[in-house]
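Undergrad: Here's the letter readout for the chains.
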Amino acid sequence: MRDDLYIAWRYILFNRARSLVLVACITLVAFLPLSLSLLLNEVERSLRTRAVDTPLLVGARGSALDLAMSSLYFDDQQPKTVSMALLEELEQDRRVMSVPLYVRFKARGFPVVGTTLDYMDLRGLSVRHGRLPALLGECVLGAEAAAKLGMGPGDHLVTTPENLFDLAGIYPLRMQVVGVLHPSHTADDRAVFTDLKTAWVIQGLGHGHQDLAQTEDPSVILDKRDSNVTANAKLVQYNEINADNMGSFHFHGKPDDYPLSAVILYPEDEKSATLLRGRYLDSERYQVLIPPEVIEGLLDNIFRIKRVLDTVVLIVGLATLLAVILVFALSIRLRQREMETIFKLGCGRLTMVRLLGAEIAIVALASLALGCLLALATSRFGDDLVRMLVA
Amino acid sequence: MPGLSVPAMLKIRSLEFAYSDGGFRLRIPELDMAPGERVAVIGPSGSGKTTLLNLISGIVVPDRGSVQVGGEMVNQLNDRARRSFRLRHIGFVFQDFELLDYLSVLDNILHPYRIGAALKLDRSVRDRARTLAEKLGVADKLSRHPGHLSQGERQRVAICRALLPARRLILADEATGNLDPENKLRILDLLFKSVEACGAPLLAVTHDHELLGQFDRVVDFRQFFEERPR
Chain C
173 MRDDLYIAWR YILFNRARSL VLVACITLVA FLPLSLSLLL NEVERSLRTR AVDTPLLVGA
233 RGSALDLAMS SLYFDDQQPK TVSMALLEEL EQDRRVMSVP LYVRFKARGF PVVGTTLDYM
293 DLRGLSVRHG RLPALLGECV LGAEAAAKLG MGPGDHLVTT PENLFDLAGI YPLRMQVVGV
353 LHPSHTADDR AVFTDLKTAW VIQGLGHGHQ DLAQTEDPSV ILDKRDSNVT ANAKLVQYNE
413 INADNMGSFH FHGKPDDYPL SAVILYPEDE KSATLLRGRY LDSERYQVLI PPEVIEGLLD
473 NIFRIKRVLD TVVLIVGLAT LLAVILVFAL SIRLRQREME TIFKLGCGRL TMVRLLGAEI
533 AIVALASLAL GCLLALATSR FGDDLVRMLV A
Chain U
8 MPGLSVPAML KIRSLEFAYS DGGFRLRIPE LDMAPGERVA VIGPSGSGKT TLLNLISGIV
68 VPDRGSVQVG GEMVNQLNDR ARRSFRLRHI GFVFQDFELL DYLSVLDNIL HPYRIGAALK
128 LDRSVRDRAR TLAEKLGVAD KLSRHPGHLS QGERQRVAIC RALLPARRLI LADEATGNLD
188 PENKLRILDL LFKSVEACGA PLLAVTHDHE LLGQFDRVVD FRQFFEERPR
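The listed protein sequences correspond, in order, to chains C and U. First residue of the first sequence: 173, per our numbering; consecutive thereafter. First residue of the second sequence: 8, per our numbering; consecutive thereafter.
No wet-lab data here; the hints were simulated from the structure. Possibly wrong hints are sitting among the right ones.
Covered stretches of chain U, as calculated for chain C (at least 3 residues, CB under 8 Å) [what the hints assert, rightly or not]: (1) 43 to 50; (2) 103 to 110; (3) 119 to 129.
With the C-beta cut set under 10 Å, the calculated list includes, among others, these residues of chain C facing chain U [to be verified]: (4) R182; (5) V299; (6) Y438; (7) E440; (8) D441; (9) E512.
None of the values given here were measured: they were computed from a predicted structure. Every residue gets a Cβ at the ideal spot worked out from N, C-alpha and C, and that includes glycine.
Pulled out of the complex, with its shape left as it was, chain C reads as follows (with noise of 0.2 Å):
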């Protein structure tokens, strides 16, 4: 037996291009079904857990699934917002508690998340390095947000400017970080949170410059009436809330009106929860979603897809699997003189046979511990890949 693998595998290393294909192949094959079950598997845990953390969620009415993965998972689906003025309808009520986000900005790729710390307590969040954000302008980093920007405590983030080429536009904040949280494996690790009212400077709502009443250049001012001034554009715009220009910093129009885009709700118990649904069950401008309803609707549909996915795998296994007889029976086929050159030596089929037969071990174990590693570091790194894959 020892030499028939020896034979093989000196056969096998000769026709290298051909039996790494065979191994691609068989390992590709086994290997696609397995992965996108393991996949599916972690997605279906990863989208079930967040989901079952988060009883209630409350926000525009629209795309019930874009407002879940908005408010669950930070995608890039922007729901229609609501304003502060839901907020404080519904802290009105004692047996539910409220947790306001937003999530509209990016900072180099990453979602910041306007939140308030009541969200860290809920979602079980904790600070791994530094603090939590305490004063406006600052922000505290997700595990793998830190990770991939290489940021800690002490160094600056730059939010995205929605769009380079509208002057009057969302400028950049240089925001500064003062932590970074433990892992959590959710969608959390990959978000930079700040509070709400520093994503609302980070949308141009609240702003800080120069103060004009102590400003010293009269080519600033383009007006100025009894008590009121008004600047031209050379005023100076603060991109970064520090403690110099911290007291600058102001907000125009009515807090009301400030957008969120949605609101977690916490019910007390089932009865809150059923009341609160009843509230908005008629309200045109309100929905009030069940956030495991809408996952599980999602995953349907998800696992609808595989069912046909399995299929395809199936029909491209069937056909690799012919393939691969199809390659060693032309293998028989072109080894034909040198079964004859054996049977000549003094040995019978059975030789042949088992020198195949060796082959085809050699190809399957190699194709199966391949399939190994590969099924193993989609199990390491599943939950990673699956929330990259949903971000």
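Guided by the hints, dock chain U onto chain C, whose structure is given.
TA: Positioned in the frame of chain C, the structure of chain U alone reads:
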């Protein structure tokens, strides 16, 4: 055979063989070979020279008569025993060398030891293989593959493979057929020396009449075969 003073290594008596399609019949009343004897077999194509080699080595079984190699009645052995006997006692040198491209020269020489349980591969066999390769001038090519060797070198490797196990008989089927004139003589000389060293007789089928003078005896096959209407 009359005049043989030592026991014959090959004894053929009243051998008759015909293929099932019936177009050809081989009849050899008697053929003996002494140890170390070098016999050339000549005859027109299709006269059954290769069939004779197959009958002697037990690849095919005669319809009548007997084939005895080194005292063993080859035609009376069962299929498995014949194969085992062939692997252990009969060395083959082929016209097309029949080396395996994917094995190194050393692995090709050791090939008979790897494909059957009748021969055991150990350190002494490896050492003998190296010594034999050295004698035949291919010792520096042991790690190379046959595709990188010249025709003459390939045939030397094939001779090494045929002679490595202790043989009772060496059969050569047009062993010099694919070689240039210079190489033909050199290979034949090497084959003769090797056969002489191992003491086994050599039965060589050849079409090359220029080489016949090198052999101890020439058997003309025309006397043995008859063509039959199909």
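Undergrad: Indicate, hint by hint, whether the structure satisfies it.
TA: Checked hints:
Coverage of a stretch by a chain is defined here by at least three residues with a beta carbon nearer than 8 Å to that chain's beta carbons; for the stretch 43 to 50 of chain U and chain C the count is 0, and the condition is violated. Three residues within the 8 Å Cβ limit are the bar, and the stretch 103 to 110 of chain U against chain C gives 5, so the coverage statement holds. Coverage of the stretch 119 to 129 of chain U by chain C holds in this model, with 7 residues showing a Cβ closer than 8 Å to a Cβ of that chain against a need of three. Taken as an interface hint, R182(C) checks out: its beta carbon lies about 5 Å from the nearest beta carbon of chain U, inside 10 Å.
At about 62 Å, the closest approach between the beta carbon of V299(C) and any beta carbon in chain U exceeds 10 Å, and the interface hint on this residue is violated. Using the Cβ-Cβ criterion of 10 Å, the hint placing Y438(C) at the interface with chain U is not satisfied: the shortest such distance is roughly 69 Å. At about 76 Å, the closest approach between the beta carbon of E440(C) and any beta carbon in chain U exceeds 10 Å, and the interface hint on this residue is violated. For D441(C), the interface hint is violated, the least distance from its beta-carbon to any beta-carbon of chain U being 75 Å, above 10 Å.
Below 10 Å, beta-carbon pairs count as interface contacts, and E512(C) has one with chain U at about 8 Å; its hint therefore holds.
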